[in-house]
Every structure is written in structure tokens, then in C-alpha cells.
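The listed protein sequences correspond, in order, to chains A and B. Okay, so the first sequence: first residue is 1 according to the working numbering, each after it adds one. Okay, so the second sequence: first residue is 1001 according to the working numbering, each after it adds one.
Worth flagging that the hints you see were computed from the coordinates, not collected in a lab. The reader is advised that the hints may include incorrect statements.
Said to hold, decoys possible - Derived CB-CB ranges, DEER-like:
id	chain 1	residue 1	chain 2	residue 2	range
1	A	Glu76	B	Thr1137	31 to 37 Å
2	B	Thr1137	A	Gly162	22 to 28 Å
3	B	Val1488	A	Arg123	47 to 53 Å
4	A	Arg123	B	Ser1248	39 to 45 Å
5	B	Thr1431	A	Ser188	21 to 27 Å
6	B	Arg1413	A	Gly162	49 to 55 Å
7	A	Ala181	B	Arg1296	32 to 38 Å
8	B	Ser1035	A	Glu102	40 to 46 Å
Backbone N, C-alpha and C define an ideal beta-carbon position, used for all residues, glycine too.
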Amino acid sequence: MTAADVLVIGGGVIGASVTYYLTRAGLQVTLCDRGDIASGTSSACEGQMLAVDKRPGYDLDLALTSQKLLSEISGEFESVLQYQQTGSLLAVEEEDLHAAREFVTRRKQAGLRVDLLDAQTLRSRVPALAEDIAAGIWCPSDATLNPMALAYGMTVTAQESGARVLPYTEVLSIKKDAGGAAVGVSTSDGDLTADRVVCAAGVWTPGILQTVGVDVPIRPRKGHVLVAQRGSSPYQGAVQEFGYQKTILGMKRGRVPSALKEYGIAFVYEYTRDGNFLVGASRQFAGFSREVDPDVVRWLARRAIRFVPGLSDINVIRIYTGFRPHTPDHRPIVSRVPGVPGLFIAAGHEGAGVGLAAVTGRLTADLVCGRAPVIDPEPLQLGRFTEGGD
Amino acid sequence: MRTTDVTVIGAGPAGLAAATECARAGADVLLIDASRQVGGQLVRQTHKFFGSSAHMAGSRGIDIARRLGKEAKESGVQIWIDSAVHNLTPTGEIHVVQDRLACAEKPDAVKTRQVSARRIILATGAREKSIAFPGWTLPGVMGAGAAQTMINLHRVLPGRRVLMVGSGNVGLIVTYQLLQAGAEVAAVVEAACDIGGYQVHAAKVRRAGVPILTSQAIHSARGRREVVGATAVELDGQGNARPNTRRSFSVDTVCIAVGLRPEIRLARMAGCRLIFCPPLGGWTPIHTEHMCVAPRVYAAGDICGVEEASTAMEEGRLAGMAASASLGLVTDERLRRRTGQIQSRLQQLRGATFSRRRRRSKQRLIRQGTEEWATADWRIYCSRRPKEPAIPVQAGKNSAQLPAPAEEDKSLRDDTIICRCEEVTAGEIRTAISRGARTVSAVKRRTRAGMGLCQGRTCEMLVARLLSQATRQPADVFAVDHRRPPVVPVTFGALAGDSHDSS
């Protein structure tokens, strides 16, 4: 039995950030993961930190707060985050021009620096794009980083300030005292006690909270990512097709092949500081099967070539799949767990975990410490999914 | 989509023999190979084989390749060369990328094809092991296989003066062929205390005046832009360098011949159950006496444990016979008779040329395969995704008895590059391990080692060895190849497969 102030379950970007901010708040933290740090979704995703794709209002504020927090602390991490503020670009097809104008106007009104580039400007900036792309939405403040480096950096920094990190320690259940409060966990390596427990286990959160009878509506949404050969990048930045927003939000897409709709495919391109680039993305509910589906890969490749024809000749050297933790309203859950004093949850970010890691860690620390929150926690409460809230 | 009775992957001696056997039994057979000619490693073997006449003793490897290729064609096998399998799906679909070599200058001409097979025979052979030492990434350091390809296939001399690392048969034969091609070989260094290959090859090398230095390892290669020299060092019984024993060679080429290991990537994708057999080169699929490695999947040749061309041919015949029988093309009676004949020839081959350890390992593979075939266990392993190998925090029952490899000086400097593609050093990997990485994949995530163009083929064993040293576990316990496609780099255009996937 080892005592800690807080026990964090999950060593992905979210758990690492929670550990970092709690340690910074002066608490004694223990972090457990059933594998190595960043061995789940954080090593099977992309590294985009976008604000442009967030709905103006609370979601945009959340993303901008996270970007600001990260820029404040990134200098502390020993490992290089491969953080690069390349800006982000949404490629707009002819049929979406009208929607794109409205999209830009609404974000400008919300105070985000964002521009609509006409076809000619777009072409001069990104010559690799297909000639018929009608416009581009340019957001210079967006950035990319290496999610694994973020998780390692935050964990190592926390460790240096006294946090305990226990990789290869699988949490089997959460333990409660007679009064129903969380007092620790039992793991594959014995029991660990703590005053409070934070579950940051992403798609694996529901299984863990099930052990204390709490339902969490997070489902694994599978994504495929293709990795290209180094030194072959046609553009050194981040590009998405505008239609990706519709995929994420489950909106109707225009005239695209039915396979794209079925697999939730939209073109996403990310240049990495290591000199190669990633191409995604697909979104499917397929349980926990990590199998690479050749048909999904085929349509991903086709979609990529439709936006960047020159990709046709470039080698893919690796394909991976990962599970994005999906919630019904596409917002994360950063919350106390109703009915279980001392238990908190920080999970459910779907594809935005990298971008929202910093704000999630900070807000969770605020909740655990009972101090003024960095942002209103109300919209992220777990209770929102039960009728009438709690 | 091309539909076949049997698809054989790999056209070396095992694959050619398997394909011919199936075609003669009346199956519709497709034989696929990534290179531009059939024969596998035989095509660069200009020396005469010895052994029995049943295994074409007295013939040169290249002539055996021609003969086997001709037999396959005459028996009706369809052969696709320059065709690399990049994916093998759990449903048995084979994804092939064609003309990569022919269209190297115009990648948009590369085609993809899909094949569905009622039976698959994996005959993917083996690949060279690598070692790391200061200077090993300099131009001039190469695998002995590469040097052999240069001299025997392309007629290009890799260098004027060579240091050969490793005295197994590959090291000894290539040494002799380098001499024949006009190079000088300064020495053969061997980390073990005995010569690894056949005495007859060693004697030839010695007669030609090349010293074979046992209990000595490569220490480093020197040079700024290319190799201008190399240093060897004497090892003690534990594989550590003895002080003040460095010996310098003035060479422009260092050839690495530290052994072969089964090429198992496709076997993993097919869901085969693997075990670790050092005498057979490392991880290899367990199989039945009929070379069955998974439902509807067979394997033959070096993939099932590194041996010889002669045993590979016999295993190919076994696999072909069994695959045909499972399709109802061969009667049980004939299968039994043929299997008996082939097994007794294999026994002879293994009796004559193999140490007891290798023969016993092979028997163990078959025993375990046969047992598991009869139990529900097998189905578990075939259910798509074998788990990442367990973290051997405590020595498993397999690993406890395995000796640590002694191919090199153990004191690898921190600044030595381990992953050539991503330029990751031993020091960076050691840091990752000290921070908690316990598998090759975990090291890869933390350092990028293995994320480059070679897909980890070169460095994963080296990473495994560093993990081994840090955790005091045998190296190969850590090194199981990943099983995600693509097995070879393949273009976006080929993956998109626009106009070709209906063929």
C-alpha cells in the first residue's frame, strides 16, 4: 500500500498533463498506465493543435486557452515537443464556398485571426494542392506538435518534481471506502491508495469507471493514419479538407462517394518536424479492433490524391490505427464523478486531445485542488449526459 | 481480383518446389516474388553445392535456380516477378504491388493487384542480421549478401580490401568469392571461439591465405566519408573486450555476415504462432510435419528456421503436397507415402549436415505445432491479432535457457548510431529504456528508432539487444516484427489502386 495525494490513471497526453499540473500545484501524484507512457491513443493519432475547427463560443475559448497554456509551459519540458506554429489551412471545394464564407465570418466575429484565401492566393502558397480547390481558410495561430513528446515531456518534468510514474501497471478497479468515496485503486501490481483518483484513460475510461458502477458515454472511434516517407513532403504545414468538419460532427456531406461517408473519411495532412508527413483521417465505430482495413486505406489514399495529386508517387511506409474517445456531444468530460467523492474524470476528447491536453490538465488540477477554474467547467460535466443533469 | 487454389509467396528453392508440387497435383498455382528473377538466394550462388545427387549436388546455385524455375513453368505455375506482397489480410487476401523495380523512375506506373487464395504457402526466406559499432553507417560497410550480389550478379567489386565479420557459411563463401572476384580479404573475424561454417569452406579460405581470427569482434570502422580502416578487438568468454588487444586493418570495405534470421513479417500477419529458436536464427512459426502454420496457411524453407537450399526444397515439396491434399487433389494414401519419403530425406540431410541443436529445435517446432493444431489453443493465436510480446519482467520458461548472442563487443558507445534511417543513437535508446520503455515498440515511440524507410528491419534487433542488456533478458525475446501493413513501402497511388484493382 502506497499513499499519494492523487492517483492518475492513464499516461496519454491527458493523464500526463493532469499529472504535470497537479504536481505543479504541490500535490504528491502517482501516475499508472498499463503500458508505457503514450502507448494508447496518444501514439496513434495526429499532432494538430487547432482552434480554427472549434465552434465559436465555449469550444473555441477552450482551445485558445489550451494553446495559451501550452505556449507558457512548453519551455519547461526537457524533451523537444517538436512544436511548430505552421498555421492551419482548410481546403475548400467549390460546393462548400458559401459555407466557408459563413464559417470564416463567424470566427472573425469571435476574434480568431482567420482569412479566406482565394484560389490564386491559395495556389501561390500551396502549389501542391489540386487546381480545382476553390479557396482556403487560413489560421496562422494554429500549431502542430508531437503528441508522444508532449506526454513524455510532461511526465518527465513532473517526475523531476517528485511525481511517481508506474508504467506497465494496469488499474483493475477503483477502490471505495465505507462511505463510498474513492480511496485508491487495485492494480496488476498490488493496491495503491490515494486521497483522490483521476481517471484519464481515454477510450478505456468506461471500463474502469464501471468498477464503481458509473456509466461514461465514451466510445472508441477508430481512425486510420498513413505515414509517408521522409523527405518527400509536398507542403510543410497542416491542411484539412473543409468537409472534415462535417465528418467530425456527423453532418451531411455533399457529393462524395458513399465509401467516404461510410468510413468517415476526409483529407487531413500534417507535416512533422521529423521531415515526413501524416495523412488521415477516417472515423469509424468498429469496437476495439485495431486491424488495418485495406478498403479504408484505399479511400484514404484516393481522397489524399484528390486534394494533392502529387502524393500519387510518394511512398507510404507505415499505417496505424487508433481509437479516438468519442462523446455524444463531441466535448470532453472534465468533471467530478457524481456520487463518488474523490473521483474525477478527464477523458473523451475524440480527436482534440492533443490540442486540449494543457487546458484539461490545468482544469482538472483546479477541480481537484478546489481553486478557481481556468475556464468554466460546467459544459464539461459528466452529469450533462444524464437526464436533467445532477 | 485473381483467384487461385494456391498462392506461393517467395520464389526461392522452397517456393519453387512448393509451387511445382501443387501444380503437378493439378492445382491452379500463382507464385509471387519481389525480385526480377526466380531462385531467391540461389541466383547469386556461383559455387557448386555438395551433398546428395537428389539435391543437385555438384550444380551451381544459379543453375539450380534455372532448373527449378523451368520445372515450375512447365508444370503450369503462373509466376509474377517484381511483385511484392505488401499486405496479407486476415481474410486471406493478398495485396501485391507490381513493377516497383521496373518502374523505379516512374512510380506512377506501379500497379497493385489483389489475389485471393484458397491456400497460401509462405516461402519468404531469411534476412541478414545486423550489428552496430562505431562507423557502421559509413559507406563501405555492407552485408555480405549485398557484396555477393554485387560481385556475382552485377559484376561490381565492392572494394579492394575487405574485412569480413562472421565465419558462418555465408561469411566464408563470400570471402572466397571476393577473392575470386579480385578483392583482397584482410581477415575473417569471428566473435565465437569456433568457426561457424563448414570446415571445407574454412579450409579453402585459409589455403588462400586469409586468416580466420576467432574470439575477435569488430570494434569500429574508421573514415570520414567512407571506410579507410577497421579495428577488431579480442573478446573474453563473456563477450567483453579484452584491454589492449585492438588490432587495426587497412581496408576500404567491411562485410557483415553475422547470421540470418527467418523473414516472418507475413507469417505474423497470417496469425502464425511463433517461438524463439536460436539455432534456427530466431523467431520462427511453429508448424506441423506437413508445414502447416495456420488454417489454410503453410510455410517452407528458411522462414521455418534457417537451414539450406536442399532442406528448403524438401520442405517446399511437403508444403505443396499437404496444401494440395487439403484441396482434395491428392489422396490421403499418396500424401502419407510422399510425406514419409520426404521426411526420411530431410532426416538424412539434417543428420549429415546439422548439429544436434538445430535438429532438435526443428523437432520441437513440429512437436509443438502438431500439439497445438490438435487443441483449441491454435485458434486463439490465429484470431487476428497476436498480442505484443509480453514484457519479460521475469524470465519466461523459453528465455531462461537461451544464451546471450556473442557477435560483437558488448561495450557499445552511447554515440553509436543504432537506427540508420532516423539517426537514433545507443545513448538515446538507453535513456528511453531508463525512462520505462520495455518493448521495441515502446523504444520506437520514444525515440523514432525503427520509424524510417527500412521499417525497422535493420535496427529492431539492435534495439532488442540494448533492451536485453538493460533488463538482463535475452535479446531476441524482445524482437518480434510488427504485423501491420504495408510490409514494403508502397505509394499512395498504388494504395489508391484506381484502375487496376479489378484485374
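The hints, checked one at a time:
1. Checked against the hint of 31 to 37 Å, the pair A/Glu76 and B/Thr1137 passes, with Cβ atoms roughly 34 Å apart.
2. At roughly 40 Å, the beta carbons of B/Thr1137 and A/Gly162 sit outside the given window of 22 to 28 Å.
3. Taking the beta carbon of each, B/Val1488 and A/Arg123 are about 34 Å apart, not inside 47 to 53 Å as hinted.
4. The supplied range of 39 to 45 Å is broken by A/Arg123 and B/Ser1248, whose beta-carbon atoms lie about 59 Å from each other.
5. At about 26 Å, the CB distance of B/Thr1431 to A/Ser188 agrees with the hint of 21 to 27 Å.
6. The hint said 49 to 55 Å for the Cβ distance between B/Arg1413 and A/Gly162, and at roughly 33 Å that hint is violated.
7. Taking 32 to 38 Å as the suggested C-beta distance range, the pair A/Ala181 and B/Arg1296 does not conform, at roughly 55 Å.
8. Under the hint 40 to 46 Å, the C-beta atoms of B/Ser1035 and A/Glu102, about 56 Å apart, miss the expected range.
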